[in-house]
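Peer 1: Residue-level listing of the chains:
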Amino acid sequence: MLIEAKGVTKVYGSGRTAVRAVNGVSFSIDRGELVLLMGPSGSGKTTLLTLISGLLKPTSGEIYIDGVEITELSQKELARLRLEKIGFIFQHFNLLSALTALENVMMPLIIKGVSKEEARTRAEELLAAFGLAGRMHHLPEDLSGGEQQRVAVARAVVTEPEIIIADEPTANLDSKKGREVMELIRERVGQGKSAIIASHDPRVKSFADRVLYMEDGMLKAPEEYQ
Amino acid sequence: MVSIARKNLFHDRGRLLISVGGVAFATMLMMTLIGVYYGIFTESTMYLKKTRADLWVGQEGIHDTWHTYSLLPKGLDTEIMQVGGVKEVHEFIGRAVMAEVSKVSESKETVFIIGFDTSSGVGGPWEIIKGKKIPRRGQVVVDRVFAMRKGIDIGDTIKAGGVELTVVGISKDTFVLVYSYAFVTKEDAAEIFGARDFLNYYMVEVENPFFAKKIATNIENRLRARGIKADVLTKQEFIDNHKEVIDESFSVILLPLVLIGFFIGVTVIGLTLYTATLEKIKEYAILKAIGAGEGFMVRIVMEQAFTIGILGFLCGAALSLAAARLVPAVAPEFYVEINSSNLVVSFVAIIAMSIFASLVPIRKLERVDPATVFQA
Ligand SMILES: Nc1ncnc2c1ncn2[C@@H]1O[C@H](COP(=O)(O)OP(=O)(O)O)[C@@H](O)[C@H]1O
Ligand SMILES: [Mg+2]
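First to last, the sequence lines map onto chains C and S.
Residue 159 in the working numbering sits at position 159 of the first sequence; the count goes up by one each step and never skips.
Residue 147 in the working numbering sits at position 147 of the second sequence; the count goes up by one each step and never skips.
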């Protein structure tokens, strides 16, 4: 099991304004699985992804990544874990605006301490494979939304992470571009690599091995979910 | 590395230019002030350095030529010559007086008249740009800055202490901050000062400068035995005493201005880094989410700080050097010495500025919560 959550709860705020965004959630994801996390807006999908990324500490519960309980780790160890094991894809692409597509993709490798030459080679190869050979030296602002998200996928997978965490990766794309992005993610999953994708886009469903339904901070059995 | 630091910085050219300009200004301010300090030091010790005197014999308690006054009876030279290791002894008689330039009416200026032994030339001017080096009675060698300011040349006359003197030579590097030296025969000097029986210092040349300190003590003892209280300083001690005085005034007048320059630099770099950091705060959150550690974030800020600092320093240093070359052509009394120490001190100050300026933006980055990346 690559990811395991046991009774994870996250409460934002306290007292009368407290919001129970994630409420006693337990699930696990195996290696090679592409899991879709579906649910209406405000159901707690993003919070759950943030928790399993180690970017947020749960109020209670345990989260295991590759057998390591991460809620006990220090900020430094969590950063290391994210760098080594997780690739992120966001709804708003979140590329670094002053860097070219190529430099954006090189960045995680650079942070990892890979040499500039090697980082460049690997990023170039990946971008070429993603059909972006001609767009590598453009700044994000000169790329279309679809191109930006493909660059973002390249950035997420360039370090060969075991886990891809994506939050609404297709929400800002038309269906064709959305499908392209999902195909790229799908190709990367398998052989020990997994992905968890939060989305309320029903078109994403066909790419998933399994769907987790979320509502009011809790996971529901598929039959309970409408 | 893909320098996100520089890319982010160069992304806004206008801001970069303003901050580099600000740092250049701070650099110029500091270099000029430090240059004034070195300039004053060089000018005011030039005479001591150029004059063939290993020891200065003065009245008891002498420290420097500005704060202490030395008066000794004439005729001690034979006594000093008796001390072992002494090679030559020369009289120094000098004092600041008002001089009138006859050509320009109502034009008075302080000059430091030095009477020297014209047969040996010791204590006289060391570099002449025009005319002759050794004046005869009724003649004077004046400084270049003085001559330029007063518009006088060889053949013109000046009047000091009621004595009319014809300019026969113009010397170089003989201007000290507020006055210049004017060289006359020691006989004329005695007449100008109205002091025939006294002089100010004996300048002693020794056989072997290595024993200068020992000889100094021997001269003091010998004169004391004759009932004359004198202090003997080595050339280096005398120079150091002058430096001490300059350092003191530097610390009250120039240092506060240097510190202002420093704070201007810190503020300019700091504000630039801070706005550049705030502007990209969301992107720094992304880097942290990806897994960038504290060190990586600190390096980004530091690299930006050093980029601004060093670019500003290079511009400022280049402008300062150019100014130090060009300004003396129009205002020769304005001597700014940009030597290697000045460059090193200024550079170190810029590095320190960059480090100080980084502190607040680094704190800001440390507080960035990477969890915000998931929020729209
Ligand atoms: N940082 C936060 N502080 C307080 N409440 C939050 C915060 N983030 C999310 N919430 C709340 O938690 C609930 C779940 O939000 P979220 O995880 O973003 O759901 P989803 O991604 O499914 O739309 C919502 O009610 C939201 O308002
Ligand atoms: Mg969400």
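To be clear, the hints were calculated from the coordinates, so they are not data collected in a lab.
Heads up, a few of these hints could be off.
Said to hold, decoys possible - Result set (EDC-like, lysine to aspartate or glutamate): computed pairs, CA atoms no more than 16 Å apart in a straight line:
no., chain 1, residue 1, chain 2, residue 2
1, C, 112, S, 333
2, C, 57, S, 369
3, S, 132, S, 156
4, S, 133, S, 109
5, C, 76, S, 294
6, S, 7, C, 141
7, C, 112, C, 141
8, S, 229, S, 60
9, S, 50, S, 173
10, C, 85, C, 201
11, S, 172, S, 153
12, C, 85, C, 66
13, S, 150, S, 333
14, S, 364, S, 279
15, S, 150, S, 100
16, C, 76, S, 369
17, S, 280, C, 141
18, C, 85, C, 30
19, C, 177, C, 201
20, S, 74, S, 173
21, C, 76, S, 60
Peer 1: Taking each numbered hint in turn, which are not upheld by the structure, reported in ascending numerical order?
Peer 2: Checked against the structure, the hints that fail are numbers 1, 4, 7, 10, 20 and 21, while the rest are satisfied.
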